[in-house]
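J.: Using the sequences and the hints, build the whole thing.
Going down the list, the protein sequences come from chains A and B.
Mind the numbering: the first sequence is residues 2 to 73 in the working numbering, read in order.
Mind the numbering: the second sequence is residues 39 to 513 in the working numbering, read in order.
In case anyone wonders, no lab produced these hints; they're calculated from the structure.
Model, not experiment: these values are computed from the prediction.
Warning: the hint list may mix true and false statements.
What the hints assert, rightly or not - Okay, derived cross-link-like pairs now, DSSO-like style, lysine-lysine, Cα gap no bigger than 27 Å in a straight line:
no.: 1; chain 1: B; residue 1: Lys-335; chain 2: B; residue 2: Lys-280
no.: 2; chain 1: B; residue 1: Lys-329; chain 2: B; residue 2: Lys-280
no.: 3; chain 1: B; residue 1: Lys-156; chain 2: B; residue 2: Lys-280
no.: 4; chain 1: B; residue 1: Lys-63; chain 2: A; residue 2: Lys-21
no.: 5; chain 1: A; residue 1: Lys-23; chain 2: B; residue 2: Lys-138
no.: 6; chain 1: B; residue 1: Lys-75; chain 2: B; residue 2: Lys-63
Claimed, not checked - One side only, chain B facing chain A, incomplete, derived with CB under 8 Å:
no.: 7; residue: Gln-61
no.: 8; residue: Ser-65
no.: 9; residue: Leu-296
no.: 10; residue: Asn-297
no.: 11; residue: Arg-301
no.: 12; residue: Val-386
no.: 13; residue: His-394
no.: 14; residue: Arg-400
no.: 15; residue: Leu-404
no.: 16; residue: Arg-406
no.: 17; residue: Ser-433
Stated by the list, open to error - Simulated coverage check for chain A against chain B, where a stretch passes if three residues somewhere in it have a Cβ under 8 Å from a Cβ of chain B:
no.: 18; region: 26-33
no.: 19; region: 36-49
Cβ atoms here follow ideal geometry from the backbone N, Cα and C, with glycine treated the same way.
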Amino acid sequence: MSDEITEKEIEVFERLADLKLKAERRAAVAGILSVWVPAANELSRKMAEARHRSLAPNVRFTHPSADEVAER
Amino acid sequence: MKQAATRDLHQSTLLEAAELVEQRKVSPLELTDAVLKQIERAEPKINAFITVVADQARAVARAHEAMIAAGYYLGPLHGIPIALKDNLYTKGIRSTAGSKVLGDFVPNDDATVAARLKAAGAIIVGKTNMHEFAWGGTTDNPHYGPTRNPWNTERFPAGSSGGSGAAVAARECFGAIGTDTGGSIRLPAAVNGVTGIRPTIGRVSNHNIVPLAWSMDTAGPMTRTVADCAAMFNVIAGHDPKDEASARVPVPDYMAQLNVGVRGIRVGVVPDYFFSHLQPAVHDAVRSALKVLEGEKAQILDVEIANIQGNISAQLTIESAEPSTYHQHWLRSRPQDYGEDVRVLLEVGEMLLATHYIQAQRYRTLLRHEFIEAFENVDVFICPTLPFVATPVRSTSVVIEGGDEEDMLSAIMQYTGVASLTGLPSMSVPCGFSPDGLPIGMQIIGRPFDEATIFRVGHQYQQATDWHAREPNLA
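T.: This is the structure we're talking about:
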């Protein structure tokens, strides 16, 4: 995926997301994505490196391990 | 109480007011009337509340007065007027989450946090203004008007709990509840000159709180002092079977550990990140605060967190994708009912890839591991709460250094995102003022479920300084 997001590409995303935007909204969405996506891609490249292969997503911290709970 | 005797009632701290109630020198109704009068005075300038329930608050206050007169004293929150952010469900009271979408929503049940505060005898005086659905950091609310900073009403109160922060600073309540996903308690605490804690994820129930991002949402108190904050935290912390993410971890008495001091406490700083790219006044105030703690016999240690860069992107990705999921139906059925800034962020969140989201969640694991490892050598981390002081109301950008304008949303989360992503508890306490009189806050970040040490450090800092005791002039 390229880092540059165009309004034309937003139309494709709209179809994938089943979300119809009016033409005038595409520029605002593309403007933000053009900044966020390069940063997200950079982070993805880092996290895809072999040294991080063992890391699982940490979505919630419901069950802390014993050593993470501070002693009282 | 000497100080309180020379001030109006509403200017007391929560614990000063509690002492007066316990000793029956002041009744809950007198306290409530004092707060409601201050709300009448301040609201035209501040707009911290979406809903004020004056009649209900007075009725509850009378009931508590009778209860206390009969010998039933419930503890430090009994008869104390407080406010709740409007994304907490309150039974019978409109709970809008700062939105038009939920503009007529009157819940049949309370949020667990609200229920626990009520059970402790607290009196709810109203629901505070907020950034729409908590998705933003300015509290420039298109439906209920912007909240303004009591220290300078031309400046913003930050957000998303900007109403709660401003209400506490303006003495419109003795404490308030905020919610914090990416910094929404700590940011308004800092720019309004008050104290606010984001708990460890799982420590405080999120049941019946309108979510922003499920995996990072928390709720916590905002008060004038650390001791007040600990008093409220004592009531709301603890497992809730109604919240599936609620942790089964023992809850200590946070008040009991306040006065232990900081001798021997190891304070970590990450100099390359915590003290780069920030306004000079913020830098100097936090550095001075570290010196104060050093004077109190804490030890300051430089620490490296190898992968701390990248946290803002991870936060934006998660904090976009999750709200866009929650709002998926309304974004299609009622898009015109959202404010423009929130609407575009919800649209953006629909267009990030699943792999972006999962890699951001994996990054959280990486960053958390690095912090947990670092906590073998330090007890807390300290850093600025945000890199700049309050900007003008309605700003969407900010200049931090070099004259370059930066996007507000990314800039404001520079330091708060670290604790949000790692799930660590973190408190903002006042630590100074800019040359133009705007408050500055510092963050104290602790180990998982070790809010007690954060309170201990913050309280000792407030014993050695008086930043938290200063009051904005609303005349």
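J.: Now tell me if each hint is right for this structure.
T.: Hint check results:
1. B/Lys-335 - B/Lys-280: 43 Å, violated
2. B/Lys-329 - B/Lys-280: Since the Cα atoms of B/Lys-329 and B/Lys-280 sit roughly 44 Å apart, the hinted pair is violated (cutoff 27 Å).
3. B/Lys-156 - B/Lys-280: Cα-Cα ~17 Å, so holds.
4. B/Lys-63 - A/Lys-21: Outside the cut-off at roughly 62 Å; violated.
5. A/Lys-23 - B/Lys-138: 21 Å, holds
6. B/Lys-75 - B/Lys-63: 20 Å, holds
7. Gln-61: 32 Å, violated
8. Ser-65: Result: violated, 37 Å to nearest chain A Cβ.
9. Leu-296: Not OK, violated: B/Leu-296 not within 8 Å of chain A, min 15 Å.
10. Asn-297: 17 Å, violated
11. Arg-301: 18 Å, violated
12. Val-386: OK, holds: B/Val-386 within 8 Å of chain A, min 5 Å.
13. His-394: 4 Å, holds
14. Arg-400: Holds: closest Cβ of chain A sits about 5 Å from B/Arg-400, inside 8 Å.
15. Leu-404: 6 Å, holds
16. Arg-406: At 6 Å from the nearest chain A Cβ, B/Arg-406 passes the 8 Å test, so the hint holds.
17. Ser-433: 17 Å, violated
18. 26-33: With 4 residues closer than 8 Å to chain B, the region 26-33 of chain A meets the three-residue bar; holds.
19. 36-49: holds (count 12)
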